[in-house]
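Q: What follows is each chain in one-letter form.
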Amino acid sequence: MIRTRARRVSGSMNAAETFPLRGRPALCLVAPAGKAVTSVAPDETVPSAPALARFILVIAAQQDRQAFTWLYRHYAPRLKSFFLRSGLAPNVAEELAQETMLQVWRKAALFDPQKAGAGTWIFTIARNLRIDFLRREKIPSVPDDDLPDEPDGAPNSEAVLLTAEREARVRGALQSLSTEQAAIVHLSFFGEKPHVEIARELGIPLGTVKSRVRLALARLRALLDGEA
Amino acid sequence: MSPHRMRPDAISHHITDATLLRYATGRLPAGPALVVSVHLEGCPACRAKVAAFEAVGGALLDEAPPELMAPDALARLLARIDGDAPAEPQPLRKRPARKRPVNKRPLPDFPGDLRVPSALRACEVGPWRWMGPGMRMSRVDIPGAPGSGAILLRIGPGRSLPEHGHGALELTQVLSGSFSDEMGRYQPGDVSETDEDVDHTPVVDGDGECICLVALEGGMLFRGLMGRLIQPFVRF
Ligand SMILES: [Zn+2]
Numbered sequence: 003m004i005r006t007r008a009r010r011v012s013g014s015m016n017a018a019e020t021f022p023l024r025g026r027p028a029l030c031l032v033a034p035a036g037k038a039v040t041s042v043a044p045d046e047t048v049p050s051a052p053a054l055a056r057f058i059l060v061i062a063a064q065q066d067r068q069a070f071t072w073l074y075r076h077y078a079p080r081l082k083s084f085f086l087r088s089g090l091a092p093n094v095a096e097e098l099a100q101e102t103m104l105q106v107w108r109k110a111a112l113f114d115p116q117k118a119g120a121g122t123w124i125f126t127i128a129r130n131l132r133i134d135f136l137r138r139e140k141i142p143s144v145p146d147d148d149l150p151d152e153p154d155g156a157p158n159s160e161a162v163l164l165t166a167e168r169e170a171r172v173r174g175a176l177q178s179l180s181t182e183q184a185a186i187v188h189l190s191f192f193g194e195k196p197h198v199e200i201a202r203e204l205g206i207p208l209g210t211v212k213s214r215v216r217l218a219l220a221r222l223r224a225l226l227d228g229e230a
Numbered sequence: 450m451s452p453h454r455m456r457p458d459a460i461s462h463h464i465t466d467a468t469l470l471r472y473a474t475g476r477l478p479a480g481p482a483l484v485v486s487v488h489l490e491g492c493p494a495c496r497a498k499v500a501a502f503e504a505v506g507g508a509l510l511d512e513a514p515p516e517l518m519a520p521d522a523l524a525r526l527l528a529r530i531d532g533d534a535p536a537e538p539q540p541l542r543k544r545p546a547r548k549r550p551v552n553k554r555p556l557p558d559f560p561g562d563l564r565v566p567s568a569l570r571a572c573e574v575g576p577w578r579w580m581g582p583g584m585r586m587s588r589v590d591i592p593g594a595p596g597s598g599a600i601l602l603r604i605g606p607g608r609s610l611p612e613h614g615h616g617a618l619e620l621t622q623v624l625s626g627s628f629s630d631e632m633g634r635y636q637p638g639d640v641s642e643t644d645e646d647v648d649h650t651p652v653v654d655g656d657g658e659c660i661c662l663v664a665l666e667g668g669m670l671f672r673g674l675m676g677r678l679i680q681p682f683v684r685f
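Those sequence lines, one after another, are chains A and B.
Under my numbering, the first residue of the first sequence carries the number 3, and numbering increases by one thereafter.
Under my numbering, the first residue of the second sequence carries the number 450, and numbering increases by one thereafter.
Do not rely on the hints blindly, as some may be mistaken.
[Claimed, not checked] Each pair of labels, with its calculated beta carbon distance range:
1. A:Gln177 - B:Arg570: 35 to 45 Å
2. A:Phe135 - B:Pro582: 21 to 31 Å
3. A:Asn93 - B:Ile530: 31 to 41 Å
4. B:Gly532 - A:Asp227: 24 to 34 Å
5. A:Leu136 - B:Arg570: 19 to 29 Å
6. A:Leu204 - B:Thr650: 34 to 44 Å
7. B:Asp533 - A:Leu208: 20 to 30 Å
8. B:Gly657 - A:Lys212: 52 to 62 Å
9. B:Pro606 - A:Leu104: 34 to 44 Å
10. A:Leu136 - B:Ala494: 22 to 32 Å
11. B:Pro520 - A:Leu104: 10 to 20 Å
12. A:Arg216 - B:Gly655: 49 to 59 Å
13. B:Val647 - A:Ala184: 25 to 35 Å
Read the hints as simulated data drawn from the structure, not as lab findings.
Everything numeric in this text was worked out from a predicted model, so none of it was measured.
Idealized CB from N, CA, C, for every residue including glycine.
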């Protein structure tokens, strides 16, 4: 079981392995074609997940502004959208999108593709900034890098496999949910008062929201675990 | 492995998926979020669930419909980056030294076998206060979220945990000792999650005192958790 997983995942990791991580020129960055570097318009050319991760690694290694620009053009408009959907005012949403990208630049060395994909890592930065903003304090709440990562001595190869599998599986899982379950997951992430909003959106009594959420999460978790 | 638990595989009481999702999405108040952080330090199973939910967040972010940024937004950010002191490239594994908020007051006296969870070290933890026979508590102030209300309870063997009203999420993480309720026995690393649907009467097991980290949702910790029993003795 583990062995077949290993083969499948290591295949998908080969592209990343050929990428020069440190001290050598970045040869295989994928630039969205035909885009002016200075443009901040929403970018319809979506870089691949490995490309996005590579951008962050190059930023960490070389403070590469070009990689940062590509990363920015993908994530800043989506971060703004993310903050807007979670109920923040447009000017705040834009400011927090900027702050998130600034943190991405400054914390790029902390990015570990073995632990999370680019989108997941940036999501956690955005989430923490939103928490800090809502608490109206400048002290970071519980930054991810303050939490212990893996237990000391845990085999890293296993973490790589699990992370790669999880990242790949999540997208499939989201699409396998029923419309209602997908709505529940979306509202859980973006709603200010998720239970109230789920009840309104789906036209179900507030009292049954909790059990519907439980069902939706159970289904999501089963999909993520590969049990469904 | 865990800072405060010797057998992480033995954890038998976990946090619900719904609460882990709220934690992963940043929608849990500071007090309960602290308890979750402490539980995660000792629980690989719940850590994996949070990681999965965060990956869902990453997928939703990647799929979010782009919103137009201000035309000069990128230029302004690049200018800010230029103002940063040039950072030396850092090896991937090396993490910069972090500054933690320094406790203004010393952590309360813990039994020798209890190692304080790292999430708790970032907090300001008050001294033990006497609440009644065999009952002490200490306030936990979370940096950036004053008054968000988590407490440490230190309850003697055979005694009930303080009575409390229901109606909100309540998280109780065992740091040392053990207690039991209708759901079973809670040992170090275990967490009890209850809400208005759960009626339980936790009692500390007979073989020693029990230290727990407790938080209620809704900022009604002291009124709700302490109820009539504690209010006359403790003033906050
Ligand atoms: Zn757990």
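Q: Compare the structure with each hint and give your call.
A: Against the structure, the hints:
1. Separated by about 41 Å at the C-beta atoms, Gln177 of chain A and Arg570 of chain B satisfy the suggested range of 35 to 45 Å.
2. One distance hint, 21 to 31 Å for the beta-carbon pair Phe135 of chain A and Pro582 of chain B, is violated here, with the actual separation near 44 Å.
3. For Asn93 of chain A and Ile530 of chain B, the hinted distance range of 31 to 41 Å is not satisfied, since their beta carbons lie about 21 Å from each other.
4. About 46 Å separates the C-beta atoms of Gly532 of chain B and Asp227 of chain A, a value inconsistent with the hinted range of 24 to 34 Å.
5. About 24 Å separates the C-beta atoms of Leu136 of chain A and Arg570 of chain B, a value consistent with the hinted range of 19 to 29 Å.
6. Between Leu204 of chain A and Thr650 of chain B the beta carbon distance is about 36 Å. The supplied range of 34 to 44 Å therefore holds.
7. Taking the beta carbon of each, Asp533 of chain B and Leu208 of chain A are about 48 Å apart, not inside 20 to 30 Å as hinted.
8. For Gly657 of chain B and Lys212 of chain A, the Cβ-Cβ distance of about 36 Å falls outside the hinted range of 52 to 62 Å, so the restraint is violated.
9. Between Pro606 of chain B and Leu104 of chain A the beta carbons are some 52 Å apart, a value that contradicts the proposed interval 34 to 44 Å.
10. For Leu136 of chain A and Ala494 of chain B, the hinted distance range of 22 to 32 Å is satisfied, since their beta carbons lie about 29 Å from each other.
11. At roughly 18 Å, the beta carbons of Pro520 of chain B and Leu104 of chain A sit within the given window of 10 to 20 Å.
12. Between Arg216 of chain A and Gly655 of chain B the beta carbons are some 35 Å apart, a value that contradicts the proposed interval 49 to 59 Å.
13. Under the hint 25 to 35 Å, the C-beta atoms of Val647 of chain B and Ala184 of chain A, about 29 Å apart, fit the expected range.
Of the hints listed earlier, those the structure fails to meet are numbers 2, 3, 4, 7, 8, 9 and 12, in rising order.
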